[in-house]
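Peer 1: Sequence:
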Amino acid sequence: MIDPKQTHLTHMDLWISCKEHQDPQAKKQLIELYLPLVDFVANKMAVGLPKNVSKDDLFSYGVMGLIDAIDKFDPHRGLQFETYASWRIRGAMIDSLRQGDWVPRSVREKAKRLEEAYLKLEQQYLRSVTDQEICAFLKIDENEFQQMLQEIAVTTIFSLEDPLKEDESETRLSVLIDDKAKNPEYKVNEFYIKETLEKAIERLTEKERTVISLLYYEDLSLSEIAEVMSLSPSRISQLHSKAILRLRGALGKAKNQLLQND
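According to the numbering used here, the sequence shown holds residues 20 to 281 in order.
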C-alpha cells in the first residue's frame with residue numbers, strides 16, 4: 020500500500036492518470052491511499068457523539084466525502100490534498116448526521132436559549148460574561164447550567180461547519196483559510212465575517228481560546244486537548260460548548276445581516 024504520510028505531489032503520476040486519463044485504477048489507488056484520513060476524521064468526530072451514532076456510519080459517510088474530494092481536487096494548484104480532503108470528509112459526515120436529525124428538540128432549544136443569553140449579555144457588557152452572570156440571567160443555578168452544557172455538547176461540534184447561507188457550501192470557519200479568488204462582493208462579506216469571528220474569539224476566555232485553537236487549528240481531539248491542558252474531557256467539552264455558543268451567536272447575527280443585504 021502507498022504510504023499515506025507522503026503528500027499528493029509524491030504521487031503526481033497517480034493524479035495525472037486519474038485526472039487527465041480518467042484511469043479508474045488510479046482513482047481506486049488514491050482512495051485506498053487516503054482511507055486512513057477518513058478513519059482519523061471519524062475517530063475525532065466520534066468523541067462526544069451519542070451512542071446511536073456508530074463510527075462505521077461515520078466512516079461510510081466519510082468515504083463518500085473522500086471520493087468527492089478526489090473528484091474535485093486540482094493537484095496542479097499546489098495545495099495540500101490532506102487538508103482539502105479533511106474538510107470534504109468532515110462535511111460529508113456532518114451532512115449525513117444533519118439529515119438524521121438525531122438531536123432532540125429539547126436539546127436544540129436549550130442550546131438556542133444559552134446562545135441568545137451569551138449574545139445579549141456580551142453585547143450589553145462588551146466582554147466575556149461569567150457563568151454566574153449567565154445563571155442569573157437565565158434564573159438557574161450553576162448545577163443546572165453545567166447540566167445544560169453537557170446536554171448540548173453534541174450539538175456544538177458542527178457549529179463552525181454550518182454554511183454561511185442556506186444554499187451555499189461555504190462554512191463559517193472556512194472563510195479563515197480559503198485562499199481562492201472571490202468577486203468583490205464576496206470579499207467584502209468574507210472580510211466582515213472574518214472580522215466578526217476574530218472579535219468574538221478575542222472575547223473568549225483564555226482556556227476557551229486554547230480549546231478552539233487546539234481543536235480546529237491543531238486538529239487535536241477533545242481527549243488529547245484534555246491531556247495537554249491537564250483537565251478532564253468533560254471540562255474540555257464544557258469549555259468547547261461555551262466557546263461555540265458565543266461564537267455562534269456572533270456569527271449568527273453577522274449571517275442575518277448579510278442575508279438582509281442580499
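Hints may contain errors.
Said to hold, decoys possible - In silico DMTMM-like links for lysine to aspartate or glutamate, alpha-carbon gap of 20 Å or less:
hint	residue 1	residue 2
1	K131	E101
2	K74	E243
3	K91	E135
4	K63	E243
5	K226	E101
6	K47	D114
7	K139	E152
8	K226	D114
9	K226	E237
10	K47	D87
11	K139	D76
12	K213	E152
13	K91	E101
14	K46	E101
15	K63	E237
16	K63	D76
17	K131	E152
18	K213	E237
19	K74	E51
20	K38	D87
21	K131	E161
22	K226	D150
23	K158	E170
24	K129	E141
Said to hold, decoys possible - Each pair of labels, with its calculated beta carbon distance range:
hint	residue 1	residue 2	range
25	R127	E161	14 to 24 Å
26	G97	F156	47 to 57 Å
27	Q41	E163	29 to 39 Å
28	I35	M83	19 to 29 Å
29	Y235	I50	23 to 33 Å
30	N162	K74	28 to 38 Å
31	A65	D42	41 to 51 Å
32	E217	V126	51 to 61 Å
33	K91	N62	22 to 32 Å
Because the hints were derived from the structure by calculation, they are not lab data.
In this text, a Cβ means the ideal position worked out from N, Cα and C, and glycines have one as well.
Peer 1: Next, verify each hint and record whether it holds.
Peer 2: These are the hints, each one checked on the structure:
1. For the proposed pair K131 and E101, the alpha carbon gap of about 34 Å is over 20 Å, so the pair is violated.
2. With a C-alpha separation of about 18 Å, the suggested pairing of K74 with E243 holds against the 20 Å cut-off.
3. A threshold of 20 Å between alpha carbons decides the hint, and for K91 with E135 the separation of about 38 Å lies outside it, so the pair is violated.
4. For the suggested pair K63 and E243, the alpha carbons sit about 10 Å apart, so the restraint of at most 20 Å is met.
5. A hinted pair counts as satisfied when its Cα atoms are at most 20 Å apart, and K226 with E101 does not qualify at roughly 28 Å.
6. With a CA separation close to 24 Å, the supplied pair K47 and D114 exceeds the 20 Å bound.
7. With a C-alpha separation of about 12 Å, the suggested pairing of K139 with E152 holds against the 20 Å cut-off.
8. Restraint check for K226 and D114: not satisfied, since their Cα atoms lie roughly 29 Å apart, outside the 20 Å limit.
9. This hinted pair checks out: K226 and E237 have alpha carbons roughly 15 Å apart, not beyond 20 Å.
10. The straight-line distance between the Cα atoms of K47 and D87 is roughly 13 Å, inside the 20 Å bound, and the hint therefore holds.
11. A threshold of 20 Å between alpha carbons decides the hint, and for K139 with D76 the separation of about 38 Å lies outside it, so the pair is violated.
12. Between the alpha carbons of K213 and E152 the distance comes to roughly 28 Å, so the proposed pair goes past 20 Å and is violated.
13. In summary, the hint linking K91 to E101 is supported, as the alpha carbons are separated by about 13 Å, within the 20 Å threshold.
14. A distance of roughly 16 Å separates the Cα atoms of K46 and E101; the hinted pair therefore holds under the 20 Å criterion.
15. Proposed proximity of K63 and E237 is supported: the alpha carbons are some 12 Å apart, at most 20 Å.
16. Between K63 and D76, the direct Cα distance comes to roughly 14 Å. Compliance with the 20 Å bound is thereby established for this hinted pair.
17. Taking the CA atoms of K131 and E152, the gap is near 17 Å; set against the 20 Å cutoff, the hint holds.
18. A C-alpha spacing of about 19 Å is found between K213 and E237, which places the hinted pair at or below 20 Å, so the restraint holds.
19. The hinted pair formed by K74 and E51 meets the criterion: a straight-line CA distance of about 18 Å does not exceed 20 Å.
20. Between K38 and D87 the CA atoms are separated by roughly 13 Å; this keeps the pair inside 20 Å, and the hint holds.
21. As the CA atoms of K131 and E161 are separated by approximately 18 Å, the hinted pair is consistent with the 20 Å bound.
22. Between K226 and D150 the CA atoms are separated by roughly 14 Å; this keeps the pair inside 20 Å, and the hint holds.
23. Between K158 and E170 the CA atoms are separated by roughly 18 Å; this keeps the pair inside 20 Å, and the hint holds.
24. For the hint linking K129 to E141, the alpha-carbon distance of about 18 Å falls within 20 Å, and the restraint holds.
25. Evaluation of the 14 to 24 Å hint for R127 and E161 yields a pass: the beta carbon distance comes to about 23 Å.
26. Under the hint 47 to 57 Å, the C-beta atoms of G97 and F156, about 49 Å apart, fit the expected range.
27. Here the CB-CB span from Q41 to E163 is close to 59 Å, at odds with the stated 29 to 39 Å.
28. Checked against the hint of 19 to 29 Å, the C-beta distance between I35 and M83 comes to roughly 24 Å, which is consistent with it.
29. Separated by about 26 Å at the C-beta atoms, Y235 and I50 satisfy the suggested range of 23 to 33 Å.
30. The beta-carbon spacing between N162 and K74, approximately 32 Å, falls within the hinted interval of 28 to 38 Å.
31. The given range of 41 to 51 Å is broken by A65 and D42, whose C-beta atoms sit roughly 34 Å from each other.
32. Checked against the hint of 51 to 61 Å, the pair E217 and V126 fails, with Cβ atoms roughly 29 Å apart.
33. Between K91 and N62 the beta carbons are some 24 Å apart, a value that agrees with the proposed interval 22 to 32 Å.
This entry does not satisfy hints 1, 3, 5, 6, 8, 11, 12, 27, 31 and 32, going by the numbered hints stated previously.
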